[in-house]
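**Q** Protein chains in written order, with numbering that gives the first Met the number 0: chain A, 0 to 185; chain B, 0 to 583.
What the hints contain is simulated information worked out from the structure, not anything from laboratory work.
C-beta: ideal position from N, C-alpha, C; glycine also.
Take these hints with a grain of salt, some might be off.
Covered stretches of chain A (chain B as the covering partner; in silico rule of three or more C-beta atoms under 8 Å from a C-beta of chain B) [said to hold, decoys possible]: (1) 79-86; (2) 138-152.
Some chain B residues well away from chain A (every beta-carbon gap over 10 Å; in silico) [claimed, not checked]: (3) GLY120; (4) HIS128; (5) GLY152; (6) ALA168; (7) TYR182; (8) THR202; (9) GLU230; (10) SER249; (11) ASN310; (12) LYS352; (13) GLU381; (14) GLY419; (15) LEU452; (16) VAL574.
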Amino acid sequence: MAALKIKKGATSHSAYNLRPNFSDVVEKHTLAVLVENEPGALARVIGLFSGRGYNIDSLTVAEVDHTGHLSRITIVTSGTPQVIEQIKAQVGRIVPVHEVHDLTVEGPSVERELAMFKVVCKGEHRVEALRLADIFRVNVVDSTLESFVFEITGAPEKIDAFAELMRPLGLVDVARTGVAALARGI
Amino acid sequence: MKRQMTGAKMIVQALIDQGVDTVFGYPGGAVLPIYDEVFQQNSIKHVLVRHEQGAVHAAEGYARSTGKPGVVLVTSGPGATNAVTGLTDALLDSIPLVVLTGQVPTFMIGSDAFQEADTVGITRPCTKHNWLVKETDNLGATLHEAFHVATHGRPGPVLIDIPKDVQFATGHYESPKPSTSRYQPQVKGDMAEITELVAAMETAKRPIFYTGGGVINSGPAASQLLCELVEATGFPITSTLMGLGAYPASGDKWLGMLGMHGLYEANMAMHDCDLMINIGARFDDRITGVIDSFSPKSTKAHIDIDPSSINKVIRIDIPIVGDVGHVLEDLLKVWKSRGRKTNSEGLAKWWSKIEEWRAKDCLKFTQSGKVIKPQYALSRLEALTKDHDRYITTEVGQHQMWAAQYLNFEEPNRWMTSGGLGTMGYGFPASIGVQMAHPESLVINVAGEASWLMNMQEMGTAMQFGLPVKQFILNNERLGMVRQWQELLHGERYSQSWSEALPDFVKLAEAFGAKGIICSDPDDLDDAIMEMINYDGPVIFDCLVEKHENCFPMIPSGKAHNEMLLPGDHETQGVIDAKGSVLV
């Protein structure tokens with residue numbers, strides 16, 4: 000599948016690959032959407048997903064260009080290749096959307112997520128939690144005699160793995176930011 | 000040139016600068032400053048409707064019959080929520096509208112103020128785009144952008160929500176400039192794809208053009224190019240409900256409408272073709288029948304300005320994103336430059352096959368006895384009005400399908416119907432909008448009695464503005480299409496699908512000061528229709544028709560194009576299986 004690059008006003012006419020395969024295999028894709036930072040922009044994108052029955056596995060949004068009034072929405076979604084293409088086309092035609100990039104097919108990309116874990120434990124468990132935190136290069140951002148708050152940054156799989164390790168040690172609370180992603184290289 | 004003026008004045012000025020001559024609306028508290036400006040000018044006619052839904056449908060009728068955007072002005076809260084059906088209708092049928100709604104003042108937004116509704120929130124999924132303008136300085140530019148967005152790319156309705164304090168405040172206004180908008184959808188198709196389509200056209204043995212509303216939205220030039228292409232290639236052409244008139248019904252390449260109630264020859268040709276060229280249509284489920292069996296042997300090309308239409312439901316082999324007019328121009332150029340080739344041997348065989356299907360004469364009916372058949376009523380309406388400068392609108396249901404089957408359209412923009420949303424109550428207000436745009440023309444709304452009652456309050460509008468709209472009601476005292484489905488699907492249990500306590504339509508017309516005509520005898524029909532045509536004013540024509548007529552041909556839900564029910568297929572029980580019965 001060729002790279003998706005819907006850039007409104009661009010001269011390239013094959014806006015994206017319009018010949019997807021119609022397989023039933025559900026794929027996970029990370030989309031980066033550059034959208035005008037105006038009221039309701041996020042609601043338009045989210046409303047589209049719920050209205051048309053698409054999945055959102057993860058979503059992050061923040062302004063990335065203050066002078067250009069642009070926000071970047073990173074959406075991890077899953078669907079068959081046809082559905083993924085349809086999502087990109089539907090998002091691409093939202094009026095304030097500037098660009099839609101499918102980072103999963105446009106070449107190598109890097110994905111990161113930040114999470115915080117509150118672990119309540121004593122004795123051996125406390126030592127073990129700290130040792131694992133060290134292995135995962137996790138920061139301790141808060142500590143009491145009976146608890147830690149760990150801060151971890153990494154690929155979502157790494158965060159999942161750390162969460163699984165913390166669960167038997169006394170994991171009581173989790174906050175995750177969702178995925179932020181960029182294409183590698185220039 | 001920048002000028003200082005109030006927001007309310009700015010709105011009227013922007014409409015004038017955008018070339019608007021007619022606004023459909025209804026006043027209320029949150030738009031009083033705008034109405035005050037409307038009062039003090041003579042450039043724009045304001046059509047006072049009797050319900051905001053009527054305003055939006057009227058604007059749709061205006062837009063579809065002129066190619067210009069329709070403009071609506073309504074108040075906050077209920078004014079805006081009443082407009083929602085019309086907005087959704089326009090979104091599904093790609094009709095350009097600019098809808099202005101009043102809003103409570105900015106400092107009261109969010110306080111559950113009187114007549115406050117989250118209008119941009121409510122209308123976000125049913126507009127192409129919408130705006131809440133909080134600064135008077137931004138109002139002019141937003142209005143100009145709204146017209147640009149509504150009319151560029153795939154057309155659609157846009158809405159601007161304007162708080163009352165923004166209307167009172169003073170700000171800078173600038174006249175529209177040649178578009179500086181960032182929103183510039185591509186209109187030229189990819190030449191490589193167009194060439195690939197030409198190559199496929201050169202060799203195809205069984206080609207077909209399948210055209211839709213996109214041809215009409217692209218403008219009259221696109222329809223002309225389509226006709227040139229059809230005549231030059233000799234390929235057969237069929238069209239969706241929305242595309243009727245782009246190619247003249249009198250043309251010998253015309254197969255008639257396709258789809259659920261389309262013609263036998265059109266659907267059979269779609270099923271058996273080896274090259275399908277979709278021009279500005281969207282593979283709606285009324286068209287495709289069951290997807291798995293849809294035209295199994297064909298290479299499919301799709302020309303559409305909206306990339307999301309391509310591969311949405313049907314897998315496309317040759318996708319071309321672009322405006323129909325631009326793409327057809329290039330397509331013709333390339334086809335001509337390569338020597339105007341077609342597979343004449345294959346085409347001759349294809350046409351002889353099509354003639355076999357045509358010989359079935361699937362719209363055949365027999366008018367006998369003293370009860371008017373709805374098909375007969377429309378055949379006579381067609382015969383007696385076809386030479387007029389005529390515009391047709393419809394409501395939704397059996398009468399709509401019969402109108403599409405038995406009325407012929409020779410030009411685009413002559414046929415206004417609610418296709419995608421299927422909005423009962425569309426046709427009457429739409430006919431008002433059409434008549435406003437074409438005061439000298441014959442405007443007929445082909446209606447069912449149940450649909451017509453849904454927006455009958457617009458009789459007041461027709462009378463107030465002296466609009467001689469003809470309401471041709473096929474009265475079967477039933478929700479005919481619902482009844483037909485209950486017959487096919489629900490063991491003839493006709494739950495709630497009859498029209499009881501109907502008004503006396505003649506007296507109803509007279510109560511409004513209009514003319515009422517009732518006709519129940521086929522022998523009187525011609526005279527009655529002539530009386531309707533010749534009356535200079537609104538007419539309600541109560542045409543009492545056969546109550547249990549089914550609309551055929553029909554592709555039952557869950558079936559393929561080559562599994563149609565035809566008139567005379569009296570065994571209708573059990574034709575739809577369990578899988579088909581969940582479909583609508």
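**Q** Each of the hints needs a verdict: does it hold here or not?
**A** Now for the hints, and whether the structure bears them out:
1. 79-86: With 3 residues close enough to chain B, the hint holds.
2. 138-152: violated (count 0)
3. GLY120: violated, 7 Å
4. HIS128: violated, 4 Å
5. GLY152: Not fine: 8 Å to the nearest Cβ puts GLY152/B too close to chain A.
6. ALA168: holds, 19 Å
7. TYR182: violated, 6 Å
8. THR202: Per Cβ check, THR202/B is outside 10 Å of chain A; nearest 20 Å; holds.
9. GLU230: holds, 28 Å
10. SER249: Label holds. Min Cβ-Cβ 36 Å, cutoff 10 Å.
11. ASN310: violated, 6 Å
12. LYS352: The assertion about LYS352/B holds, with a minimum of 29 Å to chain A.
13. GLU381: Since the minimum Cβ distance to chain A is about 39 Å, GLU381/B lies beyond 10 Å and the statement holds.
14. GLY419: Nearest chain A Cβ is 15 Å from GLY419/B, so the label holds.
15. LEU452: Correct as stated: the minimum Cβ-Cβ distance to chain A is 31 Å, above 10 Å.
16. VAL574: Consistent with the label, VAL574/B stays out of reach of chain A, its closest Cβ about 29 Å off (over 10 Å).
Hint compliance for this structure: hints 2, 3, 4, 5, 7, 11 are broken, all remaining hints hold.
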